[in-house]
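K.L.:
Here is what each chain is made of, one letter per residue.
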Amino acid sequence: MELVLALGIGVFTASGVWLILRPRTFQLVLGLCLMSYAVNLFIYAMGRLRVDAPPLVNSEKVVDAAQYADPLPQALVLTAIVISFAMTALLLVLLIAARGLTGTDHVDGEDEE
Amino acid sequence: MSGSAGHLVVLPILLPLIASAIMLLLDERQRKAKNAISLATHIAMFGVAVMLLAQTVQLGFSGNSATRVYLIGDWAAPYGIVLVADWLSSLMLLLASVLGLASFIYATARWDRAGPRFQALHLLQMMGLNGAFLTGDLFNLFVFFEILLAASYGLMLHGSGTKRVTIGLHYVSINVATSLLFLIGVGLIYGISGTLNMADLATIILGTRGTELTLLQSGFAVLGVAFLIKAGMWPVGFWLPRTYATAVPPAAALFSILSKVGIYALMRVYLLLFTDEGGWPANFGGEWLLYGGIATLIYGTLGVLAARTLSRVAGYCVMISSGTLLGTIGASDGAVLGGALFYLVSSTLGIGAFYLLLELVERRETEASVRTIVEPVFEDEYTGARPAEIADEVRIVIPATIAILGGGFMFCALLLSGLPPLSGFIAKFAIIHGLLNLHETISPAVGLLVALMVISGMATLVATTRAGIDLLWTPSDRPPPPLRLTEAVPIGFLLLVCLGLMVFAGPTMRYMERTGISLQDRQGYVNAVLGADSSTAEPGAAPQ
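Chains A and B are the protein sequences, given in the same order. The numbering used here puts the first residue of the first sequence at 1, with every later residue one more than the last. The numbering used here puts the first residue of the second sequence at 114, with every later residue one more than the last.
One thing to keep in mind: the hints can contain errors.
As the list claims (entries may be wrong) - Listed next, the stretches of chain B that the computed footprint assigns to chain A, with coverage defined by at least 3 CB atoms under 8 Å from CB atoms of chain A:
id : segment
1  : 147 to 155
2  : 245 to 259
3  : 279 to 286
4  : 299 to 305
In case anyone wonders, no lab produced these hints; they're calculated from the structure. Just so it is clear, CB atoms sit at the ideal spot from N, CA and C, and this is done for glycine as well.
All chains should be modelled from the sequences, with the hints used to inform the complete structure.
P.N.:
Here it is as structure tokens:
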């Protein structure tokens, strides 16, 4: 499981970095999206991978912390997802505005040729 | 913490949050009501910041710990979220509120009408700044960074236009990518240490060894890169001058503290966490800061000389100021902090005033083109003033407008280039004096840093003088535009504060020195945060 997750994060990051270095605005937005997926998975993995372990403690039973997954990274990821979601929306608006104003989808607002 | 006075710490975050929420309920046509509420909030924030600073001074100089801890929801640290107001936080809060107040008053003259929801964005920007200065854990630092960045995207795009949208696209993308780096750093640190509370981290990381230590240091290095991108260090600061030059002047003035947030975060995190106790490298990343600072200074100096518009000059001044601060922190491991903090305050205010002023100076050239940049984007947007409103405005038409502008311009130029007798000189002198007395022998890098500080001052002087002669001395057949009171007052206010820094340099310097000492006193900070009692008398009454 660790290997699959690590490979997934790696592929997401690599594709994301390649895409944000491309000259078109849509590629840029997609690249940032992929990178934010990678980062979210990464934070999640930082709480260690556990199967069959709930993050919420049932207060009626005797609590043994080892039986539970770390809830903090999950809360952090939730915050990070919301923020990157909002930023992507803003970027999309900017992308359309830039396309409308400059007439090209090049990130610098003008094609080189 | 006792009574309602303890809640003072949370007010700098709550006030702008509530006020900006109210802004959204008001229509764009109720501009006067919006401006009145925002102005009242800004003044209240200024008042709160002054009170917090007074509290710090009162507590600190009477021998107590000046670090006040506010437990949100009354959960004890390190499990709950803490806000920490200490020497450095109080200072930065006051600096932010002074700049916020000035740039807001300036904006009410006309820039608030260049686009929708200016007031709400401005207030949220203040909330993000205040929160970043107060927070006591790394993840909330990230959240407040995002709040201030999200608001700054709005302010950056305020006024719209092709140029702002294209540059804004770059600015937003760079900062979204930076935020991802921030998260990777935070994730690594949490993965190794299991905590994000800075006070808790300071104790826990001392026990890290072996591969864990390597991973933890990588985490801090990635986090540091994120901070340095915000601070505008070479080679990751190329976006800065262009972005700041494109933003509307009041937003640019407020942005001058944005790059200082990165420096604040570096000071807070690095000085608190890295000591020579327990086998940690005492000056982790210090060399990077020193050489990065030197490179930033060189780039900024060349940029200032090459820049052809004043707003670019101001942008490179931000880089010079960042470079000076980074180099000083890196070279001294926090020993010359007094002078560095003095420089931080003086240069931030100076650059803020410069951004506001240069629009007035350049207005003669650009008066006609300003109107055309303004285009409506949203349906409810309301661009341009109604003719009746223009007639209502209080204006003072002084024949000597140019004399006032020229005086202010000269003041700013002296301040930024660090010439006596203004506060910029005192600050640079304190830094250089501190750096030269640091060790028995002066290392070549430190010598280079000192030389570059002096040279960058001269370059700034050359650039501003050249621009000043161009803009102020060249006879123009057009009459000077009327100087509005609401535009002159905030610039005067900022320059007056700088003048105050110079006149009361003794007490100010004492405060800065004390702040430097408090940053070295890691144990004091850790004890204050982790030992903070719940303010209620019932321990364990936390909700399930």
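K.L.:
Each hint needs a verdict: does it hold in this structure or not?
P.N.:
Verification of the hints:
Coverage of the segment 147 to 155 of chain B by chain A is violated in this model, with 0 residues showing a Cβ closer than 8 Å to a Cβ of that chain against a need of three. A count of 3 residues in the segment 245 to 259 of chain B with a Cβ less than 8 Å from any Cβ of chain A is obtained; the coverage claim is therefore met, three being the minimum. For the segment 279 to 286 of chain B, the stated coverage by chain A is satisfied: 6 residues place a CB nearer than 8 Å to a CB of that chain, which reaches the threshold of 3. Only when three residues or more bring their CB closer than 8 Å to a CB of chain A does the claim for the segment 299 to 305 of chain B stand; here the count is 5, and the claim holds.
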